[in-house]
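*Asks:* Kindly generate the complete structure, drawing on both the sequences and the hints.
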Amino acid sequence: MADEPTPDEPAHDEPSHDEPSHDAPGPERSGNAVTRARRFLLSGSGWPYMLVPFIPIAIFLELNHAEAAIIFGAAAAGVVPTAALMGRATEELAHRSGPGIGGLLNVTFGNAPEMIIAIFALNAGLQEVVKASLIGSILGNILLVMGLAMLVGGLKKPFQTFNPTAASVQSSMLLLAAVALVMPTIFQLVSGGGLPEVGEERVDFGGDLETMSLIVAFILLGSYVAGLVFSLKSHRALFNPTSEAEEHVDEPWTIKTSVIVLACAGIAVGVMSEILVGSISEASETIGLSEFFVGLIVVAIVGNAAEHWVAIYFAAKDKMDLAVNISIGSSAQIALFVAPVLVLLSFVVGPNPMALVFNGFELGAVFLAILIAVHVTHDGESTWYEGLQLLAVYAVLGVVFFFA
Amino acid sequence: MADEPTPDEPAHDEPSHDEPSHDAPGPERSGNAVTRARRFLLSGSGWPYMLVPFIPIAIFLELNHAEAAIIFGAAAAGVVPTAALMGRATEELAHRSGPGIGGLLNVTFGNAPEMIIAIFALNAGLQEVVKASLIGSILGNILLVMGLAMLVGGLKKPFQTFNPTAASVQSSMLLLAAVALVMPTIFQLVSGGGLPEVGEERVDFGGDLETMSLIVAFILLGSYVAGLVFSLKSHRALFNPTSEAEEHVDEPWTIKTSVIVLACAGIAVGVMSEILVGSISEASETIGLSEFFVGLIVVAIVGNAAEHWVAIYFAAKDKMDLAVNISIGSSAQIALFVAPVLVLLSFVVGPNPMALVFNGFELGAVFLAILIAVHVTHDGESTWYEGLQLLAVYAVLGVVFFFA
Amino acid sequence: MADEPTPDEPAHDEPSHDEPSHDAPGPERSGNAVTRARRFLLSGSGWPYMLVPFIPIAIFLELNHAEAAIIFGAAAAGVVPTAALMGRATEELAHRSGPGIGGLLNVTFGNAPEMIIAIFALNAGLQEVVKASLIGSILGNILLVMGLAMLVGGLKKPFQTFNPTAASVQSSMLLLAAVALVMPTIFQLVSGGGLPEVGEERVDFGGDLETMSLIVAFILLGSYVAGLVFSLKSHRALFNPTSEAEEHVDEPWTIKTSVIVLACAGIAVGVMSEILVGSISEASETIGLSEFFVGLIVVAIVGNAAEHWVAIYFAAKDKMDLAVNISIGSSAQIALFVAPVLVLLSFVVGPNPMALVFNGFELGAVFLAILIAVHVTHDGESTWYEGLQLLAVYAVLGVVFFFA
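Protein chains in written order, with our numbering: chain C, 27 to 430; chain W, 27 to 430; chain A, 27 to 430.
Just so you know, the hints here were simulated from the structure itself, not pulled from any lab data. Treat the hints with caution; some may be incorrect.
Note that the list lumps identical chains together, so a pair holds whenever it fits in one copy or between two copies.
Below, a list of computed lysine-lysine pairs in the BS3-like style, where the Cα atoms sit at most 25 Å apart [said to hold, decoys possible]:
#1 Lys182 - Lys343
#2 Lys182 - Lys282
#3 Lys282 - Lys343
#4 Lys259 - Lys183
#5 Lys183 - Lys343
*Replies:* Structure representation (structure tokens):
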């Protein structure tokens, strides 16, 4: 969870045959800028930047009041490179600041794109979309990302291994999150109030549930901070199994560059999110998908696209520890950090506080997904078939959400 | 899942003291046919054939319109030897065809009796009985069969071991199935429609749920086929830990014999099933049990009787890998192969498509049973007490179903 | 589960530096009675006796009809030393009777205080309070006690280990209990009757559920007895990993002393319980907490206080096997022994039989807690962060119960 290095680093110290090694002396290294740029764009971490043109396109379409579905598509594509750039800048800054602060930065900014999107949606009063995209991010990370990672990695090697203890710590975070997500909903059910409908934008659950959600949010945040201490301090070794092997070969960015890039990327994510959120309702109507499906599947995939790619990239390199770390760790982070922060913010931003009450689909899906994540990671071993099963679970959920 | 050898084979290469070794030279081997037949009927795999007389008895009773409860009992007893014979013929055919096709045959025909019974019930419009017997087969395999196997095996040896990775693959199939069974039911609940009542014969859930069930059935079947590739091809070694030890000593059947026996046994199963299903409603009324209880407990036990015996037999021989393989594998097969095939067939056979919506008892029971199966198999070790606990869970479920 | 030695024993054979060794020759050993008493009261097992004065205080307040909240507080404090004394006397008696009978005594009287409190509540017709305190005891043992034990133990040592097989046996008992607790409630839901409300004192669920609860209670008790055979006979070694190390150094009590102390302590627990239960309704009103919260959190903590202390004490001494044994074992004992015995007793004591139907909070909480307990104990390893997570789950549940 703490460390999510961008995939270009390990590529350098493991010269592979399909792409020329960067630190080899001679012409490859001194190739002209165009060649290097092309190579970067086609490499593991570079492809998201090929979507950069969608940033101005989305802004242009928005200003000219184009059709909502097209704006939505362009903005969705535009989020990906800005999210990737934020990830890269965070990584560089983290590298400069030493492991302690670095880990903290990584963690804090790691889910920044999702959080920025969510804050815009919160401000627009789309609380049910926010909750759907939180659940969607957790599901996407556990099932889609980990599934693809295990499938891709497993096609090359019969059994891939990872540290089961580190995975277990993170999956127990998910179980804690499950309790925090399920119990307030049970409260709502037992009190005789129904769960939110799928079509609704926002529900006022009353003071008790708001206060309860606030306290539960603080407990989750406290547990999250303790988790940082655990993974960055007391049990560092568990989460950095290969840290010494990852040497930075490219010239690192200066702190100033990193901060400026981070700020610019953050603003760009914000602009794209504003456009994305503004077009959700109309776009989903045009495409014929429910707002719920769009929030749960589409927004979740877009907001996590860069991260997703990295996890699969590492799995293909047989660095399953990192891949599992990223997929389960990201989910745990959304459940224990992003969700409670959004609950706190909802007391300030938007029309009324957001209670941690989920609808039946979200609850069932996230609970079952967490159980399965706990199961497939408990033995520290994965195969392509386990990956495929995770994808099958994601597909089943997607089908049910489609009809919801 | 792939390999379910009949229990007579291992008996041959491990001469035991309570029955004379078959490959010993001299008079035992050349004993007259009556002695050999008697010995076979009392051996591990022979006892089901003692129930052969019930086949003509059931037909006779049916034709003479005897009381339903008596017909039901005779047909139930008559299913057992025909199912056993199908299993044997499949085994022989599989042995002839080499491991790849053999495994496929084994798997395809392994649950044929259950499927034949279910198709007759589907045709009679008894969809709720079909779903009950599917759930009942899963519960019976996980709890009753694995419970008895662990109990019987554990009485001889303090700890029995099996490959936890193989068990884990199959129990994750069960978790996938749990998602596929639970989510459409949540859809039905959230849409405001109630779950099916226990007493109902058939419920029309409308087009959305039928389409959803169809797509989910395809996903399950796809995952099942991938599972075959996994267990028969890419990770064969995992599922055939003792294959070299199992030598065929009896003269094997020819392919022609096998096919003819398979066809005849299949027809016999069909006839028995037709009689069985035809008498369920009236019989359950006479005995004072609900149709639900009969479908969930009685039909499930009868349809799996031969398989059950084999698993327990292997456990007693300390071949726990095979016993767990059969019990969890059979459940996984029912959930990922038989159930979706029946959903597909229901679009052709019977009055209206069968949606994957279960009642509260079935859902709660199958979900809890799967969780427990995952738990008891995760460490690759079993004791008699674990077996007893599985049986206690089955007993608790049985009591609750009785009152349902 | 079988062996819960009081914490003073191991202290003796491991001379520690912060308190003088008892078996050292010379003045420390022969120190005057006051010094020894003071040292005992401040030692691991002695502190509960500092609460002895609350016993007469509670009786005095009760007789003088003091305010209910004050009586409740005094009686709660008074239960602790009497429970501790019962534990000690049981331990002495067990030590005298050899491992077989000793284990049985330990187990039978180990949860005697909870059971005595519950019988008084049952007699007063407070069935919902009884069920709440049963669930509360299970939650308290799994989450609060095991959480504190893992946290305290983990602060001294990065990884603490325990026997995962022994823990697994006990956590599968909890899963069996989960089935027994969940299924009758599903029955009630499916039959169209609602679950009990949080504020209710007692609900009559009708004959079916009472009979069902009775049979389920017998199955649980049978499974519990089998568990005794397993842990005291067939697989003793699994549960007594350190038994040879625990030598009794103090002069042991005679059987006569033990029996008399046990009887007196039992009577004292009874008197305190009568006072405690009698003041619950009024006290909870005065303090502003619901009767439900008081039963679930306060009564559960008070009734298990002595046990709780012991588990944490052992964890701090890095005897994690014993700590996990006590916390999970106690929960299993409550679910498989105390709860069914109370169901049986309810057919004799109190206004009407108590059915095993729980409200939504209890069901959700106990089910999730059991899943988490299974997860954190499956690898035989614990860290301070796992402990903290268990405490966070307990806190989340506490918050939700507070608002219930």
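*Asks:* Hint by hint, which ones does the structure fall short of?
*Replies:* 2, 3
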